[in-house]
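J.: Line by line, the protein sequences give chains A, B and C.
Residue 173 in this note's numbering is what sits at position 173 of the first sequence, and the numbering runs on without skipping anything.
Residue 246 in this note's numbering is what sits at position 246 of the second sequence, and the numbering runs on without skipping anything.
Residue 253 in this note's numbering is what sits at position 253 of the third sequence, and the numbering runs on without skipping anything.
Keep in mind that the hints were calculated from the coordinates and are not lab data.
Possibly wrong hints are sitting among the right ones.
To be verified - In silico lysine-lysine, BS3-like type, Cα no more than 30 Å apart, as pairs:
| id | chain 1 | residue 1 | chain 2 | residue 2 |
| --- | --- | --- | --- | --- |
| 1 | C | Lys200 | C | Lys357 |
| 2 | B | Lys169 | A | Lys91 |
| 3 | B | Lys197 | C | Lys47 |
| 4 | C | Lys46 | C | Lys197 |
| 5 | A | Lys331 | A | Lys320 |
| 6 | C | Lys266 | C | Lys357 |
| 7 | C | Lys230 | C | Lys140 |
| 8 | A | Lys19 | B | Lys49 |
| 9 | B | Lys156 | A | Lys203 |
| 10 | B | Lys225 | B | Lys49 |
| 11 | A | Lys32 | B | Lys225 |
| 12 | A | Lys208 | A | Lys331 |
| 13 | C | Lys57 | B | Lys197 |
| 14 | C | Lys22 | B | Lys156 |
| 15 | A | Lys231 | C | Lys22 |
| 16 | A | Lys258 | B | Lys197 |
| 17 | B | Lys154 | A | Lys300 |
| 18 | B | Lys156 | C | Lys44 |
| 19 | B | Lys197 | C | Lys118 |
| 20 | A | Lys19 | A | Lys91 |
| 21 | C | Lys291 | C | Lys269 |
| 22 | C | Lys22 | A | Lys258 |
| 23 | C | Lys118 | C | Lys25 |
| 24 | C | Lys201 | C | Lys140 |
| 25 | C | Lys22 | B | Lys49 |
| 26 | A | Lys203 | B | Lys169 |
| 27 | C | Lys118 | C | Lys201 |
| 28 | B | Lys49 | C | Lys201 |
| 29 | C | Lys266 | B | Lys49 |
Unchecked claim - Only part of the chain B face toward chain C is listed, based on derived beta-carbon distances under 7 Å:
| id | residue |
| --- | --- |
| 30 | Tyr185 |
| 31 | Met186 |
| 32 | Thr187 |
| 33 | Gly189 |
| 34 | Phe195 |
Said to hold, decoys possible - Just a sample of chain A residues kept apart from chain B, beta carbon distances all over 12 Å, derived:
| id | residue |
| --- | --- |
| 35 | Ile68 |
| 36 | Asp71 |
| 37 | Val181 |
For every residue, glycine included, the Cβ atom is placed at its ideal position computed from N, Cα and C.
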Amino acid sequence: MSNEAYKGIFVFAQQVDGKLSNVALELIGKSKALAKDLNTEVTAVVLGNKIGHLPEQLGRYGADRVVIAEDPILETYTTEPYAHVITEIVKKYQPEIVLYGATAIGRDLAPRISARVHTGLTADCTSLEIEEGTGNLLMTRPAFGGNIMATIACADFRPQMATVRPGVMQRLTPVDNAHPVVDTFSVPDLAEHVNVEVVEVIKKVSEKMDIQEANVLVSGGRGMGGPENFKLLEDLAEVLGGTVSSSRTAVDAGWVEKDRQVGQTGKTVRPNLYIACGISGAIQHLAGMEESDVIIAINKDPSAPIFEVADYGVVGDVMKILPLFTEQVRKAKEEKSNA
Amino acid sequence: MNIVVSIKQVPDTNEVKLDQATGTLIREGVPSIINPDDKAGLEAALRLKDQVGAHVTVLTMGPPQAAIALREALAMGADEAILVTDRAFGGADTWATSSTLASAIAKLDYDLIITGRQAIDGDTAQVGPQIAEHLGLPNVSYAEELWVEGDTLKVKRQYEDRYHIIRVKTPCLITALAEMNEPRYMTPGGIFDAFQKEITEWHRADLDVDDSNIGLKGSPTRVKKSFTKAVKGQGTVVTMEPEESANWLTDRLREKFIL
Amino acid sequence: MNFELNNEQSMAREMFAAFAEKEVKPLAHDIDEEERFPAETVEKMKKYGFFGIPYPKELGGQGCDVLTYIMCVEELSKVCGTTGVIVSAHTSLCADPIYKYGTKEQKEKYLVPLASGKKIGAFGLTEPGAGTDASGQQTKAVLDGDHYVLNGSKIFITNGGVADIYVVFAMTDKSKGVKGISAFIVEKEFPGFSIGKKEKKMGIRGSATTELVFENCIVPKENLLGQEGKGFSVAMTTLDGGRIGIAAQALGIAEGALDETIKYVKERKQFGRSIAAFQNTQFRIADMKTKIDAAQLLVYRAAMLKQAGAKFSTEAAMAKLFAAETAMAVTTECVQLFGGYGYTREYPVERMMRDAKITEIYEGTSEVQRMVISNALLK
Chain A
1 MSNEAYKGIF VFAQQVDGKL SNVALELIGK SKALAKDLNT EVTAVVLGNK IGHLPEQLGR
61 YGADRVVIAE DPILETYTTE PYAHVITEIV KKYQPEIVLY GATAIGRDLA PRISARVHTG
121 LTADCTSLEI EEGTGNLLMT RPAFGGNIMA TIACADFRPQ MATVRPGVMQ RLTPVDNAHP
181 VVDTFSVPDL AEHVNVEVVE VIKKVSEKMD IQEANVLVSG GRGMGGPENF KLLEDLAEVL
241 GGTVSSSRTA VDAGWVEKDR QVGQTGKTVR PNLYIACGIS GAIQHLAGME ESDVIIAINK
301 DPSAPIFEVA DYGVVGDVMK ILPLFTEQVR KAKEEKSNA
Chain B
1 MNIVVSIKQV PDTNEVKLDQ ATGTLIREGV PSIINPDDKA GLEAALRLKD QVGAHVTVLT
61 MGPPQAAIAL REALAMGADE AILVTDRAFG GADTWATSST LASAIAKLDY DLIITGRQAI
121 DGDTAQVGPQ IAEHLGLPNV SYAEELWVEG DTLKVKRQYE DRYHIIRVKT PCLITALAEM
181 NEPRYMTPGG IFDAFQKEIT EWHRADLDVD DSNIGLKGSP TRVKKSFTKA VKGQGTVVTM
241 EPEESANWLT DRLREKFIL
Chain C
1 MNFELNNEQS MAREMFAAFA EKEVKPLAHD IDEEERFPAE TVEKMKKYGF FGIPYPKELG
61 GQGCDVLTYI MCVEELSKVC GTTGVIVSAH TSLCADPIYK YGTKEQKEKY LVPLASGKKI
121 GAFGLTEPGA GTDASGQQTK AVLDGDHYVL NGSKIFITNG GVADIYVVFA MTDKSKGVKG
181 ISAFIVEKEF PGFSIGKKEK KMGIRGSATT ELVFENCIVP KENLLGQEGK GFSVAMTTLD
241 GGRIGIAAQA LGIAEGALDE TIKYVKERKQ FGRSIAAFQN TQFRIADMKT KIDAAQLLVY
301 RAAMLKQAGA KFSTEAAMAK LFAAETAMAV TTECVQLFGG YGYTREYPVE RMMRDAKITE
361 IYEGTSEVQR MVISNALLK
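Bound conformation, chain A alone (with noise of 0.2 Å):
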């Protein structure tokens, strides 16, 4: 089958407990510029039990079209249901494109898939593009801890697949009164392809702010010296509205929980505001961090590279910096909201 009978742009909206993940959204909305550049339609597939109300919202983020599949088995994701239905909705529908979250699902989902259907995977993405003239996808991701860009391309096979880091595409503004195609999709023999048992669902609890969410980050590294100096984080955080977030030193170290880090083997964040406290700036941490609106950088090694992607930075030592600095800001807080 040649490549032009393959059509449309798919996006694997992943839900759980009911909820769409962020990157489902961030995929509908970078799918949408990639449709226009192929004269082509976006169409979210979403899995589950009980999510009617899901399509509504789908279409509000931009999707022109949405397959649903609901199962009792698909309620709590394990691998091959989940292959099994995704392989038969693409054999239906034959997209030219298939985009998934590079999440603990997506990353295990879309590999199965892929060997399944016998088509190229290219993973953790950061950029996708469409190559003018042959309309293939590019797709740009890290490699070696970030090191370097490769741009890749499945020039002879369909459907094209990627995933995608969470936090680096962009959601639409959703809009009202959508109206996507919805279309239900049934697997009639499901049960037989349950081959494993989810015995028990265990949350872990954080309190915190996800530093996917915040709109400022207050990140510590080795500089801070010790666990008991990120107090002095929080209080900045804690004056700014935003929560913190750490390298992957101060993780090892055992200072901060591993949800807080940043980086190529942590979180992806695009924050407004990034300061980056005693954080030399590994190669790793700024592939997670550059692209955040405002960066400083207070930090004791004028050659540190984090100061090279800073748009205002510090050399001092932090510890004596940032006290002075959030008594700062909570004064010019406190005029603001006298004035």
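Place chains B and C on chain A using the hints.
T.: Positioned in the frame of chain A, the structure of chains B and C alone reads:
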């Protein structure tokens, strides 16, 4: 229980530095290590061996130099090592890599296959699930714990905000997270023995796999170009007394309307 | 002549270095500060076979060679001199004489648990009145039926109290002088054997250094190590081997101090540039590295001669003399390059300097090494 652990030898990317002048990677002198997730997978296999008894076969695909990673695995306690090596396998993407590895594993007796979740030089996390697909096995990815219960395995599978405790029957494939355990050290005697052991080498002709599914030819994806990331233009960097620094930063926030 | 390590030795060295960095270094400061024996590290080293590196597998060992054992002591000592000497005293001074002089039964009973790390070993020769002149032994052993009765005391015993098995020297016939000395294997539990006072030391403060006290201590006859009256030669041969271990410890301490110093001089700025940019620093570093490499060659040569079964007494003495004096000179110099910080406990070089000093003293002072070397030349 027969366990096959698939490992990859990788450059220690934490040690990879950029040549500021040319923007290229300095790979010289960068040590090669067993990929951390894979090493945790090996440790998990060795613990099962300690607890319930197992024959642990460690397998890698790579150039002849990758044998050293297998020696290390033997020195840690693996029973047998296989090096899958041939020029024909070169240039493979994850699809072709997984189909090659699957055809190698297919020659072995296995109850459990363990791979790392992902390799630090590629970070794709694809090869494990793809091997499972080629072999028609269930897979559980992102394993943070693994234990035997009766005649099944139980896996603590990690997600961003939760864990699933999953029961899975063998044969199956598990992808391990580095967080799973603290891999043991080799012993001095284990090291000396490891260099006495035979490493089985399998080449192209030893594997029952189609030419169209291996190497560069068997790879659906192609790297069009690779480049070093453009660094954003240098901002303003100042050195002042702490008090002045704090004031200066606050002024910048005002300027940007953050305050 | 071949200066390359073989594959096994290189991999073992990397493993020792990784272990030292991750398991030993984090404790080095505290065990020195608290004068605490690093029992938790010892447990890990037992598990990984560090206590029987050069012995055959049949005897509970790892089946490696002398050089690999020496590199283990060297790598451990790079980050912690205390940890290095625990392995060295156990292996060279206790397991080694039993391996060389022990009967089949003694090897089975004592070497197997020592080499497999189930038991820790020590060596008791020095007495208040018999240090460098070991012939002045006062501890007596009297044969009484199927056992010997030991009376006397030993001092400055490394691994004292923490060890389970001791190779101890005593006079069986005072009238014969050094030819009246015999060696014994003494278990910690033997009646009449107790551990005396623990020394407070300048360096290697985590290592247990104690007195051993024998009050009518009953030692079975079959625990005589070697022949009666041949104890002095057992002691001297054992010390020849032990010197290679201490030389490796000294070498490691010097290397560790230089590593720390290189890191520091690159970071530390004075007069607007890093102190590594000053020629004074550069030349001192060059001299230190040259001395260290010379010491390493001497140490490795002695280890390889011992492995080959050749004579190595003079070579071991030269290795220890030079490595110990290098360790002292290098650590002193490193403290100087660190300046005021080097004198504080915030940085490890002052500990390394204190640790280095003992290597010029124990298992034969530098003066004794010079005697050994010159005797071989002038006899």
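J.: For every hint, state whether the structure bears it out.
T.: Evaluated hints:
no., hint, verdict
1, C/Lys200 with C/Lys357, "holds, 15 Å"
2, B/Lys169 with A/Lys91, "holds, 29 Å"
3, B/Lys197 with C/Lys47, "holds, 23 Å"
4, C/Lys46 with C/Lys197, "holds, 26 Å"
5, A/Lys331 with A/Lys320, "holds, 18 Å"
6, C/Lys266 with C/Lys357, "holds, 27 Å"
7, C/Lys230 with C/Lys140, "holds, 15 Å"
8, A/Lys19 with B/Lys49, "violated, 41 Å"
9, B/Lys156 with A/Lys203, "holds, 12 Å"
10, B/Lys225 with B/Lys49, "violated, 44 Å"
11, A/Lys32 with B/Lys225, "holds, 25 Å"
12, A/Lys208 with A/Lys331, "holds, 25 Å"
13, C/Lys57 with B/Lys197, "holds, 16 Å"
14, C/Lys22 with B/Lys156, "holds, 27 Å"
15, A/Lys231 with C/Lys22, "holds, 28 Å"
16, A/Lys258 with B/Lys197, "violated, 40 Å"
17, B/Lys154 with A/Lys300, "violated, 48 Å"
18, B/Lys156 with C/Lys44, "holds, 28 Å"
19, B/Lys197 with C/Lys118, "holds, 28 Å"
20, A/Lys19 with A/Lys91, "holds, 27 Å"
21, C/Lys291 with C/Lys269, "holds, 26 Å"
22, C/Lys22 with A/Lys258, "holds, 21 Å"
23, C/Lys118 with C/Lys25, "holds, 24 Å"
24, C/Lys201 with C/Lys140, "holds, 28 Å"
25, C/Lys22 with B/Lys49, "holds, 25 Å"
26, A/Lys203 with B/Lys169, "holds, 24 Å"
27, C/Lys118 with C/Lys201, "holds, 28 Å"
28, B/Lys49 with C/Lys201, "violated, 45 Å"
29, C/Lys266 with B/Lys49, "violated, 47 Å"
30, Tyr185, "holds, 5 Å"
31, Met186, "holds, 5 Å"
32, Thr187, "holds, 4 Å"
33, Gly189, "holds, 3 Å"
34, Phe195, "holds, 5 Å"
35, Ile68, "holds, 22 Å"
36, Asp71, "holds, 18 Å"
37, Val181, "holds, 30 Å"
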